[in-house]
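*Asks:* For the protein sequence lines, the chains are A and B, in the order given. Quick note on this note's numbering: the first sequence kicks off at 392 and runs consecutively. Quick note on this note's numbering: the second sequence kicks off at 392 and runs consecutively.
If you're looking for bench data, these hints aren't it; they were derived computationally from the structure. In this text the structure is predicted, and so the values were computed from the model without any measurement. Each residue gets a CB set at the ideal place from its N, CA and C atoms; glycine is no exception. It is possible that some hints are incorrect.
Said to hold, decoys possible - Non-contacting residues of chain B with respect to chain A, defined by C-beta distances greater than 12 Å in every case (computed): (1) 427; (2) 435; (3) 445; (4) 446; (5) 472; (6) 523; (7) 558; (8) 581; (9) 590; (10) 593; (11) 617; (12) 620; (13) 699; (14) 707; (15) 711.
To be verified - Here are the computed lysine-lysine pairs in the DSS-like style, where the Cα-Cα straight-line distance is at most 27 Å: (16) 708(B) x 576(A); (17) 555(A) x 590(A); (18) 576(A) x 496(B); (19) 576(A) x 454(B); (20) 576(B) x 496(A); (21) 454(A) x 708(B); (22) 496(B) x 708(B); (23) 590(B) x 576(B).
There are 2 protein chains.
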Amino acid sequence: MGADAGPKIVVDGAEITRVRCPDVRFLMFGDSSAVEPLLAAHPELQAVSEVRHTDNFVSMEDKPAQAIRKGRDTSMWHAIGAVQNGEADVVVSAGNTGALMAMAKIQLKTMAGVDRPAIAALWPTERGESVVLDVGANVDCDERQLVTFAIMGEAFARAVFGLKRPLVGVLNIGTEELKGNEAVKSAAQILQDADLPIKFYGFVEGDDIGAGTVDVVVTDGFTGNVALKTAEGTARLIAHYLSTAIRRSFFARIGYVLAAGAFNVLRTKMDPRSVNGGVFLGLNGLVVKSHGGTDELGMASAIELAHNMVSHDLVEKIEQDVQHIYGGEETSAPLPRAANDEVSA
Amino acid sequence: MGADAGPKIVVDGAEITRVRCPDVRFLMFGDSSAVEPLLAAHPELQAVSEVRHTDNFVSMEDKPAQAIRKGRDTSMWHAIGAVQNGEADVVVSAGNTGALMAMAKIQLKTMAGVDRPAIAALWPTERGESVVLDVGANVDCDERQLVTFAIMGEAFARAVFGLKRPLVGVLNIGTEELKGNEAVKSAAQILQDADLPIKFYGFVEGDDIGAGTVDVVVTDGFTGNVALKTAEGTARLIAHYLSTAIRRSFFARIGYVLAAGAFNVLRTKMDPRSVNGGVFLGLNGLVVKSHGGTDELGMASAIELAHNMVSHDLVEKIEQDVQHIYGGEETSAPLPRAANDEVSA
Numbered sequence: 392m393g394a395d396a397g398p399k400i401v402v403d404g405a406e407i408t409r410v411r412c413p414d415v416r417f418l419m420f421g422d423s424s425a426v427e428p429l430l431a432a433h434p435e436l437q438a439v440s441e442v443r444h445t446d447n448f449v450s451m452e453d454k455p456a457q458a459i460r461k462g463r464d465t466s467m468w469h470a471i472g473a474v475q476n477g478e479a480d481v482v483v484s485a486g487n488t489g490a491l492m493a494m495a496k497i498q499l500k501t502m503a504g505v506d507r508p509a510i511a512a513l514w515p516t517e518r519g520e521s522v523v524l525d526v527g528a529n530v531d532c533d534e535r536q537l538v539t540f541a542i543m544g545e546a547f548a549r550a551v552f553g554l555k556r557p558l559v560g561v562l563n564i565g566t567e568e569l570k571g572n573e574a575v576k577s578a579a580q581i582l583q584d585a586d587l588p589i590k591f592y593g594f595v596e597g598d599d600i601g602a603g604t605v606d607v608v609v610t611d612g613f614t615g616n617v618a619l620k621t622a623e624g625t626a627r628l629i630a631h632y633l634s635t636a637i638r639r640s641f642f643a644r645i646g647y648v649l650a651a652g653a654f655n656v657l658r659t660k661m662d663p664r665s666v667n668g669g670v671f672l673g674l675n676g677l678v679v680k681s682h683g684g685t686d687e688l689g690m691a692s693a694i695e696l697a698h699n700m701v702s703h704d705l706v707e708k709i710e711q712d713v714q715h716i717y718g719g720e721e722t723s724a725p726l727p728r729a730a731n732d733e734v735s736a
Numbered sequence: 392m393g394a395d396a397g398p399k400i401v402v403d404g405a406e407i408t409r410v411r412c413p414d415v416r417f418l419m420f421g422d423s424s425a426v427e428p429l430l431a432a433h434p435e436l437q438a439v440s441e442v443r444h445t446d447n448f449v450s451m452e453d454k455p456a457q458a459i460r461k462g463r464d465t466s467m468w469h470a471i472g473a474v475q476n477g478e479a480d481v482v483v484s485a486g487n488t489g490a491l492m493a494m495a496k497i498q499l500k501t502m503a504g505v506d507r508p509a510i511a512a513l514w515p516t517e518r519g520e521s522v523v524l525d526v527g528a529n530v531d532c533d534e535r536q537l538v539t540f541a542i543m544g545e546a547f548a549r550a551v552f553g554l555k556r557p558l559v560g561v562l563n564i565g566t567e568e569l570k571g572n573e574a575v576k577s578a579a580q581i582l583q584d585a586d587l588p589i590k591f592y593g594f595v596e597g598d599d600i601g602a603g604t605v606d607v608v609v610t611d612g613f614t615g616n617v618a619l620k621t622a623e624g625t626a627r628l629i630a631h632y633l634s635t636a637i638r639r640s641f642f643a644r645i646g647y648v649l650a651a652g653a654f655n656v657l658r659t660k661m662d663p664r665s666v667n668g669g670v671f672l673g674l675n676g677l678v679v680k681s682h683g684g685t686d687e688l689g690m691a692s693a694i695e696l697a698h699n700m701v702s703h704d705l706v707e708k709i710e711q712d713v714q715h716i717y718g719g720e721e722t723s724a725p726l727p728r729a730a731n732d733e734v735s736a
């Protein structure tokens, strides 16, 4: 119920995923009088979906605390609950990020050894794709949190990108004598000195993200969120320049038509929908947050990313790594796992 | 002496500026045996330039503390000194940023009412140009510093962009309940509530920078530096996509030739050389830091930005604003001003 464009793009996105990943099944939480007719338009999707009616839903304007108060009867709460009780393997939502994180923490709980979960974003690079975390869950981060982000991001890169030894970097600036703040410097020191099974590159700067210098970029949620939004804004600025420049001349328009294939490749590469989906890492269960303003293609990307993480047992891999590294400082709550492939969207 | 490509691009850049801004005169600090022959190739430039020989110079590898130790005989030290003693109106350097800031602080001193100077960067936007500060001088910033950045950035936008009432925003993230860190929240509160002669927009996010939502973007030096470098990296990534896409097909190459004019416009717009030059604000004198890796066109942009700031009496305007707002908490050291237009590069 949380996408800006309403439940239709969620159902249509699920239909795209169904065709591409025939093993996926869906639990859909929301207003059944809105969802059922949309499903009826896709009989094959309907056959692998179950709608769970809720009277209420979280709006984009709700603060997390408000959402939680009205929460127990919302579609978001129940969708996360389906992961918690093992009915679903992963939850996908295009709704309110703060509410989703707050409800996920309450129901799924933070993984043993992890102080606070992070939001990881896929980032297109000159060499393929990298993962950047945190991009918005934690405004202030100490060195232990940053090191945990490195561990979780590394496990993500191994699982989702299929890399054996992903390269990890800590985002920093390179202009002053005493580079970076204390947290960044201490985290790098730990990653450098401690005997962690992580291939640590060292510090990277903002332009290294797009260059793909490392596979995993570690940063606090404030800086990561600003970097992500700044990159989006820069891509939009360039698209604006390009369309203005092409409209200006007749030959340019002819040229544009001839080069249409190239522009389509460019557009696909720059399409934020193709890398849609922030992943919550560090919880006892998988949560994917789609961009609220996405369409059915973006929703399908988010669901497929979710499917991909489930197929690679991402939660178990992260849990093992965190346990291995922090050596069971806390007791780990076993993660309930569903026997099937249901994705609750 | 500090540019990666050596003194030639500095002299050639000065020559470009001389043609465009005939009232500028130059003091050039460095190895005269290297600089004089370069000048000899441009007799008209030579006529308005004076070379001051120094045996030593700051290298890119020098830490600021090292640079200051060897400093008193370097070209960088003397070039800043020329602004301090009134021989020059502004200093332009493509050298080591940290050393330049450290030496500028010692010689020019921080302006009364300003805790720490900031580096301001011009940023191309969909609506023209904005100024973003700090982009690297101060890793941690409290609210008073951020408010001072707002005051200095606003004065810069009035002087350099010719705006009567520039719009000021504070860079923040928009995903969590308690947006931003304490410094950002307190700074916004002060800018909102205090009776400052500033048109305050409120918070902006990373994508608002390229959109040109505000004329002045206020941020700490860590976040600002990451944002700037991330934008550069994104522009490079898109250029990479574009050239790959065009090389892939014959029709695309033909189209590219027809649309060459449009691509040239795009290239000019995306050209980092056209907005080359970080400006140090908050000192009793003007310092422009050119990108070390720039060429003569970028150097000319930096010198012209310097010229532009001098013509608009930027230091006096900032000083008046800071004094007006902080009401003479400290005594202000009067700024020595040269009677001529000499630019020491």
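*Asks:* Next, verify each hint and record whether it holds.
*Replies:* Hints, verified against the model:
no. : hint            : in the structure
1   : 427             : holds (32 Å)
2   : 435             : holds (35 Å)
3   : 445             : holds (23 Å)
4   : 446             : holds (24 Å)
5   : 472             : holds (21 Å)
6   : 523             : violated (10 Å)
7   : 558             : holds (16 Å)
8   : 581             : holds (19 Å)
9   : 590             : holds (21 Å)
10  : 593             : holds (16 Å)
11  : 617             : violated (4 Å)
12  : 620             : violated (3 Å)
13  : 699             : holds (23 Å)
14  : 707             : holds (27 Å)
15  : 711             : holds (29 Å)
16  : 708(B) x 576(A) : violated (38 Å)
17  : 555(A) x 590(A) : holds (10 Å)
18  : 576(A) x 496(B) : holds (25 Å)
19  : 576(A) x 454(B) : holds (17 Å)
20  : 576(B) x 496(A) : holds (25 Å)
21  : 454(A) x 708(B) : violated (42 Å)
22  : 496(B) x 708(B) : holds (19 Å)
23  : 590(B) x 576(B) : holds (17 Å)
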